[in-house]
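Novice: One-letter residues, chain by chain:
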Amino acid sequence: QKEVEQDPGPLSVPEGAIVSLNCTYSNSAFQYFMWYRQYSRKGPELLMYTYSSGNKEDGRFTAQVDKSSKYISLFIRDSQPSDSATYLCAMTVMGQGGKLIFGQGTELSVKP
Amino acid sequence: GAVVSQHPSWVICKSGTSVKIECRSLDFQATTMFWYRQFPKQSLMLMATSNEGSKATYEQGVEKDKFLINHASLTLSTLTVTSAHPEDSSFYICSAAEPDEQYFGPGTRLTVT
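The listed protein sequences derive, respectively, from chains L and E. Take 1 as the starting number for the first sequence in my numbering and just add one per residue. Take 1 as the starting number for the second sequence in my numbering and just add one per residue.
Here chain E stands alone, though its shape is the one from the complex (with noise of 0.2 Å):
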């Protein structure tokens, strides 16, 4: 199957300071990126959807200035947290799609101190 990298696995960072998360799909051009955020033992909540060269779709109740999202390339899609604080701390995952098939990350584990 298809491989989806994120960049970095775990990241610990401080109160205030932004941290950018990198997806990439390594074997394959993706029409579209999913983000979702996860906390402990709770499903994966869709936060936004991007397709390259276009703005990113956010889900209801997503802060769209908080959470950055750009779509450069066909492979590549970051996430980047602003001013990130505590309660911002979660199990990030991407995903990469082509029209009928759709692979994950293995996923980001951002813990703000």
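Same shape as in the complex, but just chain L (with noise of 0.2 Å):
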């Protein structure tokens, strides 16, 4: 079993639709969790950034956490056709400069 697991989808959606992504973590040392987007042939960008379990909302993203069930969020309100990218989350024990284990990544495809 993987530590990480994520559905790679491809999802695809049209402009305007609120996106879900999922991942299940199985390691509860995991303490911090990252959201990445990763374009075609590009390193990854930094999306959003949480420790705690909740939500954290920055502009239209939304990462939310439960460490009890050991699954983590990301939601993508009015998706728009630039947000056509590979979304990765990752998790790591140490905190956000220490060793990150990713999970697949999604691949979405917004549709204008």
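One thing to keep in mind: the hints can contain errors.
[Claimed, not checked] Capping the alpha-carbon separation at 30 Å, the derived lysine-lysine pairs in BS3-like fashion look like this:
| id | chain 1 | residue 1 | chain 2 | residue 2 |
| --- | --- | --- | --- | --- |
| 1 | E | Lys64 | L | Lys42 |
| 2 | L | Lys2 | E | Lys55 |
| 3 | L | Lys42 | L | Lys111 |
[Claimed, not checked] Negatives, chain L to chain E, calculated, CB over 12 Å:
| id | residue |
| --- | --- |
| 4 | Ile18 |
| 5 | Gln38 |
| 6 | Asp66 |
| 7 | Ser69 |
| 8 | Gln96 |
Hints are computed from structural coordinates only; laboratory data are not their basis. Glycine included, C-beta positions come from ideal geometry on N, C-alpha and C.
Starting from the two chains in their separate frames, assemble the complex, guided by the hints.
Specialist: Structure, rendered in structure tokens:
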């Protein structure tokens, strides 16, 4: 069993839709949770960073963490074609500067 | 945000040759640098962790004699793929970390013919 599981998609939605991306994990030692966006043939860029259970909002993006269920989510409201990318969840025990364990990534396509 | 560069961005080499990839943190000193490999439509897999002046720590299954990592300064780490083979063709990404932040480079595409 992988430490972090993420549905690879691909996921295709119309512009304006609400997108829900999810990851589950097995290691209860994970304390820090990140979502990265990666465009084709580029390095990943950090979208959201949380370390406690609950919701964190940043513009159109909301990150949700449920440590009791070992489940994290990223919601994208009013999705735009420019949101088309691969979204990777990542987790770490020691903080964002430590060793990251990534999910497989979900490929998202937002159609105009 | 901080900037991490990689050079080259794309390299093609012949089977059996070695190729070096550089990773630089441009505006901060990185206590730790990480090297990842990513195959098409797959996730980033951590290869090794390096700290300046120390030997790199390799993940299980990564051949340390094949993937040589040198972390000569707080702003530069290099990955050398020795005796490259077509199966080493991949996207190699580095990241540079301060204690509470980690920044990724743009990646290097390696094609071994």
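Novice: Against this structure, judge whether each hint is valid.
Specialist: Outcome of the hint check:
1. E/Lys64 <-> L/Lys42: Given pair E/Lys64, L/Lys42 holds - Cα atoms ~26 Å apart, limit 30 Å.
2. L/Lys2 <-> E/Lys55: Measuring from Cα to Cα gives roughly 28 Å; hence the hint holds.
3. L/Lys42 <-> L/Lys111: holds (21 Å)
4. Ile18: Label holds. Min Cβ-Cβ 24 Å, cutoff 12 Å.
5. Gln38: violated (9 Å)
6. Asp66: holds (22 Å)
7. Ser69: holds (22 Å)
8. Gln96: The claim is violated: L/Gln96 sits with its nearest Cβ about 5 Å from chain E, within 12 Å.
Checked against the numbered hints above, the structure breaks hints 5 and 8 and satisfies the rest.
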